[in-house]
Each structure stands twice: as structure tokens, then as C-alpha cells.
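*Asks:* Chain residues, written in single-letter form:
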Amino acid sequence: MYILVGGGGKVGFHLAAELLAANHEVLVVERDSTRAAAIAEELGNVVVQGDSCEATVLDAAGISRADLVAAVTGDDEDNLVICDIARYRGVSRTIARINNPKNELLFKRRGIETTISATQAILGQIEQELPTHDVIPLLQLHSGLEIVEMKVGELSPVIGKSVREVLLPPESLISLIVDPGGVPRIPSGDTRLHPGDALVVVVPKESLGMLRQALIGSTHGMDT
Amino acid sequence: MNVLIMGCGRLGARIATMLDEAGHTVTVMDTNPASFRRLPPGFRGNQTVGNGMDGPALERAGIQHADAFMAVTQGDNRNYFASQMARQVYGVQRVLCRIYDPVREQIFRDLGLETFSPTSLGAQIMVDMLLSEAAARR
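In order, the protein sequences belong to chains A and B.
Position 47 (the first sequence) corresponds to 47 in this note's numbering; numbering is contiguous.
When you read off a place in the second sequence, starting at 1, and then add 224, the result is the number in this note's numbering.
Don't read these hints as lab results, they were simulated from the structure.
Nothing here was measured: the structure is a model prediction, and the numbers come from that model.
For every residue, glycine included, the Cβ atom is placed at its ideal position computed from N, Cα and C.
Any given hint could be a false lead.
As the list claims (entries may be wrong) - Reference excerpt, derived from the structure (chain B facing chain A, CB under 10 angstroms, subset only): (1) T249; (2) P265; (3) F267; (4) G269; (5) V273; (6) Q298; (7) A306; (8) Q308; (9) V327; (10) M350.
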């Protein structure tokens, strides 16, 4: 495949290096001459110095025979222009890097289906990981048991209940309660649970989901 | 007409002034508040600090109610981007866009924008001036 890369920054450089290693034909178009020279030194004769938003530069780079154009500069407006010119010149596959996730809609409306946003990717990862933050793994025991810490949230269904009343998974045990003031207590069956209490719980690894269900009320922690 | 102008440089300020004097509702936006000094003392339009490529900033400037959008910053790509945003995301009826680079201007026009290139027009006018003068002397 002949792949034209618009923008020779960090993303463009590493992308080109990987594509070359996979035996693709690659050409990087980079505006900055120092940067272009550095890429040429590193990767060989695979870089053109010029503005990848200018049709004449793209034409000289043979854009019309490109199988794919990847616009990966740090500016969303430049990436849109590169992709639109590429499509105008008959390139069927364009990929755009997006910095502001809010711009994704415009790219989609322009028919640029494949957009990559590092901001969006990291955001998605954080959102995915958040619900599991309510269970902090402390220690794994040989027996398949795990010691975890959980905080009793404001909306927890166990607030006001005694330890005995909490429906824990089999073979699990609330072994320690640290109140919001930092005072640790070994709970009895009558000890009541309050918001902000940190519970240290011994639980079979496979029952973590059930434990979360019992103490938080949902597997996502967001429902109520 | 309700007109939103992005960029308060010489051209933007001039267009804003002319439309304001003609009785239209004008909002000018620019990232640099100092650029509003180009507007004349009696200017009745709105001035908004913000980036015309940013959706929330455009909304603060009232793009939902604009009948026309004019992109006249110094950057061709910025003008193109904001124009497409006005057209395809906010559905503004008339979108006019200044593009310095004649090659890009032609492409953007083919892609459906109302574009204007001071480079092409200026070159044409100056060549005409020169040649008509020469023809008159002959």
C-alpha cells in the first residue's frame, strides 16, 4: 500500500516507522525543514518538506495514487483540510487525528469516518476504569481469597445496617472498619455501617462482583 | 440580517462596520480582544472574545441565530474549518470564507463553499490595471 502521512511530528514519525517496518510505501509531508531533515536521517528518503495542506505539495507527493492518507498534525483544521483535499483528489481512505473530541462530529459530517482522538481514547479508558476504583485490592492470599478495601458511599444500600444484616458472598468477612476519622475497629455482628467507613474485606476472588453488588448496590456504582 | 463574523482584522472590522451601518445585526468574534479597537466608536454590533473553530465559543457568539457566517481570519485552514462547522454542524444558510491560497480556494469552492480569494482577485485587478494602461498608451 502507498500511504501518505500528513504531518511529521511524533505521531507522524512513529506511524511512518511502523508502516515502513510492515513493508508499506510511505511518504511523510512535513512543513518544518529541520524536522523533515531529522526524519530523513532516521527513516531514509521517505519525507517531503512542504505544507501538507497545500494541494500543489500533495500533488507533487503523488496524492492521487495514494491508497490511504493519514492526517496526523497537531491541528484539527489542518487535518480536515488534508483529508478533504485527499478525497477531492480521489483518495478513498482517509484517517484523521483529532485533538478536540468535540470536532469529531464535523469530520463525520464531512464523510471522514475514521478519526482517532487520543483525548477521547484516554477519557474512555478513565471512564471504563472508574467503576472499579470502588474496590481497592490490597493483598492476594494463597487460598484464592483476596483482601480488598471498599468505601461505604453516600448511596450505599448498607448504610445504617449492622454487619450481620449485610448479605455478603459466602466465605467472605468484613474484618476491619476504619471510620471517617481514621479510627480502626474490629466489627462485631451488631456494628452499624456509616457513610465514609472504609471496610477491609476478605473475599473469594470470584465473588468480587457479588461483594460490589452488596456494598455499592450495582456493578457500576452509578445507577442510583 | 443576523451576521456572525469570525476575525476582527482589517477586513473583518471593515465588513462589520459596513453591515452595521446598513442596519444589520452584527457579531464580531476574535481570539484577541485588542483587535476590536479596529471597530469605529459608534459601532453597535456585539463583540465576543473566542475561537471560531470551537463549538461552545460559536454558540456563545450566537451562531444558532445567525443567517450568515463570514470567516475572515488570517488562516486559510481556520477559515475553512470554521466555515464547514457553521454550515454542517450549525446549518447556517450563507457561509462566506476568505482563502488566500488560490489553489485551495478553487478546491474549497468545488467542495461547496462560497469562497473569496483576495490573492486571485487582487492579482487580476493589478494585471488588468497594468495592461489596460499599456494598451491605452499604444
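*Asks:* Are the hints correct? Go through all of them and say.
*Replies:* For each hint, the structure was consulted:
1. T249: With a minimum Cβ separation of about 26 angstroms from chain A (threshold 10 angstroms), the hint on T249/B is violated.
2. P265: 34 angstroms, violated
3. F267: Violated. Min distance 28 angstroms.
4. G269: Violated, about 25 angstroms.
5. V273: 18 angstroms, violated
6. Q298: 13 angstroms, violated
7. A306: 8 angstroms, holds
8. Q308: 6 angstroms, holds
9. V327: 5 angstroms, holds
10. M350: 22 angstroms, violated
Violation of the numbered hints given earlier is confined to hints 1, 2, 3, 4, 5, 6 and 10; the remaining hints are satisfied by the structure.
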